[in-house]
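The hints should help you fit chain C onto chain P, whose structure is shown.
Protein chains in written order, with the working numbering: chain P, 1 to 406; chain C, 1 to 406.
One or more of the hints may lead you astray.
No copy is singled out in the list; a pair is fine if it fits within one copy or between any two copies.
[As the list claims (entries may be wrong)] Below, a list of computed lysine to aspartate or glutamate pairs in the EDC-like style, where the Cα atoms sit at most 20 Å apart: (1) 361 - 144; (2) 388 - 338; (3) 235 - 194; (4) 361 - 63; (5) 404 - 63; (6) 388 - 377; (7) 129 - 63; (8) 221 - 312; (9) 129 - 144.
Please keep in mind that the hints were generated in silico from the structure rather than gathered at the bench. As the structure is a prediction and not an experimental result, all values here were calculated from the model.
Number of protein chains: 2
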Amino acid sequence: MALIVQKYGGTSVGTVDRIRNVAAKVKEQWSQGNRLVVVVSARSGVTNELVARAKALSNLPEEREMDVLLAVGEQETIALTVMALHAIGVPAVSRTGAQAGIITDDKHTRARIVRITGGDILERLDEGKVVVVAGFQGATDTGELTTLGRGGSDLTAIAVAASIKADMCQIYTDVDGVYTADPRIVLNARKMEEISYEEMLELASSGSKVMQSRSVEFAQKYNVPFEVRSSFNDKPGTLVKAIDKTLEDAAIAGVALDRSQTRVTVTDLPDRPDAIAAIFDDIGEAGLSVDMIIKNLGKDGKANLTFSITTDQFARAEKVIGATLKKLGSGTVRSAGEVAKLSIVGVGMISHPGVAGLLFKALASVGVNSELITTSEIKISVAIDPAKADEAVRAVHTSFGLDKKA
Amino acid sequence: MALIVQKYGGTSVGTVDRIRNVAAKVKEQWSQGNRLVVVVSARSGVTNELVARAKALSNLPEEREMDVLLAVGEQETIALTVMALHAIGVPAVSRTGAQAGIITDDKHTRARIVRITGGDILERLDEGKVVVVAGFQGATDTGELTTLGRGGSDLTAIAVAASIKADMCQIYTDVDGVYTADPRIVLNARKMEEISYEEMLELASSGSKVMQSRSVEFAQKYNVPFEVRSSFNDKPGTLVKAIDKTLEDAAIAGVALDRSQTRVTVTDLPDRPDAIAAIFDDIGEAGLSVDMIIKNLGKDGKANLTFSITTDQFARAEKVIGATLKKLGSGTVRSAGEVAKLSIVGVGMISHPGVAGLLFKALASVGVNSELITTSEIKISVAIDPAKADEAVRAVHTSFGLDKKA
Numbered sequence: 001m002a003l004i005v006q007k008y009g010g011t012s013v014g015t016v017d018r019i020r021n022v023a024a025k026v027k028e029q030w031s032q033g034n035r036l037v038v039v040v041s042a043r044s045g046v047t048n049e050l051v052a053r054a055k056a057l058s059n060l061p062e063e064r065e066m067d068v069l070l071a072v073g074e075q076e077t078i079a080l081t082v083m084a085l086h087a088i089g090v091p092a093v094s095r096t097g098a099q100a101g102i103i104t105d106d107k108h109t110r111a112r113i114v115r116i117t118g119g120d121i122l123e124r125l126d127e128g129k130v131v132v133v134a135g136f137q138g139a140t141d142t143g144e145l146t147t148l149g150r151g152g153s154d155l156t157a158i159a160v161a162a163s164i165k166a167d168m169c170q171i172y173t174d175v176d177g178v179y180t181a182d183p184r185i186v187l188n189a190r191k192m193e194e195i196s197y198e199e200m201l202e203l204a205s206s207g208s209k210v211m212q213s214r215s216v217e218f219a220q221k222y223n224v225p226f227e228v229r230s231s232f233n234d235k236p237g238t239l240v241k242a243i244d245k246t247l248e249d250a251a252i253a254g255v256a257l258d259r260s261q262t263r264v265t266v267t268d269l270p271d272r273p274d275a276i277a278a279i280f281d282d283i284g285e286a287g288l289s290v291d292m293i294i295k296n297l298g299k300d301g302k303a304n305l306t307f308s309i310t311t312d313q314f315a316r317a318e319k320v321i322g323a324t325l326k327k328l329g330s331g332t333v334r335s336a337g338e339v340a341k342l343s344i345v346g347v348g349m350i351s352h353p354g355v356a357g358l359l360f361k362a363l364a365s366v367g368v369n370s371e372l373i374t375t376s377e378i379k380i381s382v383a384i385d386p387a388k389a390d391e392a393v394r395a396v397h398t399s400f401g402l403d404k405k406a
Numbered sequence: 001m002a003l004i005v006q007k008y009g010g011t012s013v014g015t016v017d018r019i020r021n022v023a024a025k026v027k028e029q030w031s032q033g034n035r036l037v038v039v040v041s042a043r044s045g046v047t048n049e050l051v052a053r054a055k056a057l058s059n060l061p062e063e064r065e066m067d068v069l070l071a072v073g074e075q076e077t078i079a080l081t082v083m084a085l086h087a088i089g090v091p092a093v094s095r096t097g098a099q100a101g102i103i104t105d106d107k108h109t110r111a112r113i114v115r116i117t118g119g120d121i122l123e124r125l126d127e128g129k130v131v132v133v134a135g136f137q138g139a140t141d142t143g144e145l146t147t148l149g150r151g152g153s154d155l156t157a158i159a160v161a162a163s164i165k166a167d168m169c170q171i172y173t174d175v176d177g178v179y180t181a182d183p184r185i186v187l188n189a190r191k192m193e194e195i196s197y198e199e200m201l202e203l204a205s206s207g208s209k210v211m212q213s214r215s216v217e218f219a220q221k222y223n224v225p226f227e228v229r230s231s232f233n234d235k236p237g238t239l240v241k242a243i244d245k246t247l248e249d250a251a252i253a254g255v256a257l258d259r260s261q262t263r264v265t266v267t268d269l270p271d272r273p274d275a276i277a278a279i280f281d282d283i284g285e286a287g288l289s290v291d292m293i294i295k296n297l298g299k300d301g302k303a304n305l306t307f308s309i310t311t312d313q314f315a316r317a318e319k320v321i322g323a324t325l326k327k328l329g330s331g332t333v334r335s336a337g338e339v340a341k342l343s344i345v346g347v348g349m350i351s352h353p354g355v356a357g358l359l360f361k362a363l364a365s366v367g368v369n370s371e372l373i374t375t376s377e378i379k380i381s382v383a384i385d386p387a388k389a390d391e392a393v394r395a396v397h398t399s400f401g402l403d404k405k406a
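Extracted from the complex, chain P is given alone in its bound form (with noise of 0.2 Å):
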């Protein structure tokens, strides 16, 4: 008999017949002996027609008001959820953000959890209810709704995970689990068992569209492991736990792509610490993060720096700089033009000399060339020519061996 939280995204409660599908799959695990937290997502389109709403009067909509008008997707699915249980004679009751205790910093729109009481959860599930919880959403310490952002409702399972101290969190989403490339690209991409926080949370900032990174750091924080699965068959998943480096063999664990880069260059800058020190800081006060930096010696004692950052930040970016380089008294700033970002991701990287030469040579073999590289203990990224790019993960998921890895 165990304690499990799981999470079901807004397309697997995007319609009625899914909404009984998930209470048919709570259902299953409820008919076990087991304890069951739920917490879903808003339907599917809920949220694009109450933002569509909003703009139509504002055109910039207080983010307070923005979060009492958001926060009204995931109450609608826990009340419909709840009936769906009750449908099939499940017992089960419902739990706002506010009611489940999920207490937020006011930063709306994006907040973050501070603390988490829980509510009455553990009450409920004594009396042998399933406690369905509105993921994505909190509230201030005084009161005011709140909502977690990008990824929140993955972060609501795996923070309640965490407070009632759940056996499990499993994340139900629309892919079946974490492969070592996208399947869409590598044909003979294989679903992994099982992976590192630190593997997923390097795979999340490297373009895997499975979770975001904060509800993984939310998850290695507290020690709670979680698998990610599918919504729509009964295959196990992938599951993501702390995992003792020395036990591994392989050396990596998958290879991510990320097409969403810009590669940006700033030219003619003067070359003292100070001036590129100024670039960055001004660019993290912006709230905006850069990848893959890189800088040469230009003419005249000028330096020039090229950098990768999210293509949807670069003209912010492109302002930002602007900005301080007109202090600097020197410098341009331009695009220059978009690249794919491929990472390989393993915990075994480390233990394994050879790893950067094998992918060199793999990306060689198809003709690939790299001039932007960023590698952390566990991670080397290199920034390619978009067109390139498949043909790319390809070659490298193969060198590894991935298509073979037991």
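Here is chain C on its own, set in the frame of chain P:
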């Protein structure tokens, strides 16, 4: 500088454009230096959509979850209304029923307000903000979401007005005010400038669709004057307030018609007081209310009972009475067909003898007869043939000189 509560119903906030229109009306009052609390309903149609989804999942959705679901409607409207106010430069903040401190009992889907703390409404007003409150909803002392049932948003407005001691409560709706008769039936029906709580109450319970009795009762109990007016034009509406009867000169204020009545006949009942009592006890316990009762002696020392009930309650009444008759050992219950209930209402009635006589003369002039009659201090109701109801209303309206009243 007045403290005003305004309430806008579902039709008035039915679309983004209409919400913008509401915001403009609010701004008009706010610009004149008034302090405003705005109570809004769910967009018309939303409640039906939500109920349809609930019914698709469960034949009998639990009422607690129904409230969690339905509360979504007004929560959306408060956020959108605040956004519309911001867009035209009016500072505003939203409050759900729970946030506004509308504390109810736990009778889900038909909760009664037990207390209003008002939350921080007065503080926010003091900051110069318009406070937009979700109508129709509240919360129990333990934080469970509740809804107030039919007419709930009007009730919220009047209750908030009472709790903050507002100078005026304006109920914006899709009619211009309270008329001497339904203008669709009586072409020269007049809009009344003012009407007493008592008259409004009798009209509400006599088929006038303008407001539910419970809101009027609440207003009367706490002496909250309110104005019923249209959200689609700027004409003054009808003021409902305490009116000193001695100042009244007209015998009656208006004519109301309720078509949704069924006449119920119980025959062969033991003619004993306890038998009659048993029937009305059981009906009352089932939450059904009857009207216009008459008792006749039948054959063999048996009694016959005839009364009217709203048509949608007939099936339940038939069942309840059937059970009572079984206990009593004799009697049959059946519908004697639909009837229309025509009522004349007026606080001046007491001091004007001959009102009943004039009513029956007017009815006779169009060949209408009535078997069932009921009277109160300020109302006379008669059950008449539905086919002749419109004609009867017109005749009565003219007979009492309502067309011409100042």
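Of all the hints given earlier, name the ones this structure violates by number, lowest first. 1, 4, 5, 6 and 8
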